[in-house]
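K.L.:
These are the residues of each chain, in order.
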Amino acid sequence: MMSDCSSMETKPKIESITIVSGKRLSAVERARLNISQEDFAEIRIVKNSPRRMETKGIKKEVKPTEGFRDSIKRAGLLNTSF
Amino acid sequence: MGDDCIQYNSNNNEIFIIDKDIINDFFKDSNYEKAELFFIYLTTQCEHNKAYILPYLFEEIKSKIKEKLGDEITRSEIIAYLENWIEPAELLGEDCGEEKHDTKLLYKILNLINPNKRIILLSNSYEDEETITNLSIDNLQSYLTSKKSFAEYLKYNYGVDDGASY
Chain G
1 MMSDCSSMET
11 KPKIESITIV
21 SGKRLSAVER
31 ARLNISQEDF
41 AEIRIVKNSP
51 RRMETKGIKK
61 EVKPTEGFRD
71 SIKRAGLLNT
81 SF
Chain P
1 MGDDCIQYNS
11 NNNEIFIIDK
21 DIINDFFKDS
31 NYEKAELFFI
41 YLTTQCEHNK
51 AYILPYLFEE
61 IKSKIKEKLG
71 DEITRSEIIA
81 YLENWIEPAE
91 LLGEDCGEEK
101 HDTKLLYKIL
111 NLINPNKRII
121 LLSNSYEDEE
131 TITNLSIDNL
141 QSYLTSKKSF
151 AEYLKYNYGV
161 DDGASY
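Sequences listed follow chains G and P, in order.
Using my numbering, the first residue of the first sequence is number 1, and each one after it goes up by one.
Using my numbering, the first residue of the second sequence is number 1, and each one after it goes up by one.
Be aware that one or more of the hints could be misleading.
[Claimed, not checked] Calculated cross-link-like contacts (lysine-lysine; reagent style DSSO-like; alpha-carbon spacing at most 27 Å):
1. Lys-155/P x Lys-50/P
2. Lys-147/P x Lys-50/P
3. Lys-47/G x Lys-68/P
4. Lys-34/P x Lys-63/G
5. Lys-59/G x Lys-28/P
6. Lys-62/P x Lys-11/G
7. Lys-62/P x Lys-20/P
8. Lys-68/P x Lys-13/G
9. Lys-13/G x Lys-28/P
10. Lys-11/G x Lys-47/G
11. Lys-50/P x Lys-13/G
12. Lys-60/G x Lys-68/P
These aren't lab readings, by the way, just hints derived from the structure by calculation.
Based on the sequences and whatever the hints tell you, model everything.
P.N.:
If you want it as structure tokens, here you go:
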């Protein structure tokens, strides 16, 4: 079996996260993500990942900041003071 | 794209400068709602939907995140989220490393290159500065919810009147 040595040496890294209005996406992409023009989409560029770009829909009832807050909680960074 | 400018990100008049205050608030376990409200405002209302920060302040924040988190994917995710809302400013080589001086410098630079925009410094540390349009964190909520389109946005999408739950 072929082992993927390169992926072991180079771990995935999120290069960018961009949150955009659904209106900025094409109708095809909105349909794929099951979002409307009033919703949002989160676009992630991931380095060293087979899926270089990941997109997910954010329904308008969901605050666009929720992913960030969840990420802070998961990382145990709540109440970190800079 | 034309419609996009009407309902979303239609505020093309404001550019924000921030310091660590608003970021510290967003990372709090409680009472983070004002900071959250600001980030939602940037995303949904502002054409310039990133706030500027002094580059070395941003580096300090990133360093602390890297120091606290060993896992690359987790720390890069937090930093990537921050970069969705925050942009390190270009100070044209005139900065001296003193935060108040450099903040005033950034304010002047942004005013110079954006003569038709309103540059707003969101911070608790500059309330006595008469030459700067300063918005304190205490006044942030009332400022944002006084914007009719944003108040309507909050009510329509989250069912809150005038940011009442914030």
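K.L.:
Taking the hints in turn, state whether each one holds.
P.N.:
We went through each hint and held it up to the structure:
1. Lys-155/P x Lys-50/P: At roughly 23 Å apart (the allowed maximum being 27 Å), Lys-50/P and Lys-155/P satisfy the hint.
2. Lys-147/P x Lys-50/P: Distance of about 18 Å is within 27 Å: holds.
3. Lys-47/G x Lys-68/P: Satisfied, since the Cα-Cα distance of roughly 21 Å is no more than 27 Å.
4. Lys-34/P x Lys-63/G: Answer holds: Lys-34/P to Lys-63/G is near 13 Å, not above 27 Å.
5. Lys-59/G x Lys-28/P: Holds, at about 25 Å.
6. Lys-62/P x Lys-11/G: Given that 27 Å is the threshold and the Cα spacing comes to 19 Å, the pair holds.
7. Lys-62/P x Lys-20/P: The hint holds at about 12 Å.
8. Lys-68/P x Lys-13/G: Judged against 27 Å, a Cα distance of about 17 Å means the pair holds.
9. Lys-13/G x Lys-28/P: holds (25 Å)
10. Lys-11/G x Lys-47/G: holds (8 Å)
11. Lys-50/P x Lys-13/G: Holds - the C-alpha atoms of Lys-13/G and Lys-50/P are around 22 Å apart, at most 27 Å.
12. Lys-60/G x Lys-68/P: With Cα atoms ~33 Å apart, Lys-60/G and Lys-68/P exceed 27 Å; violated.
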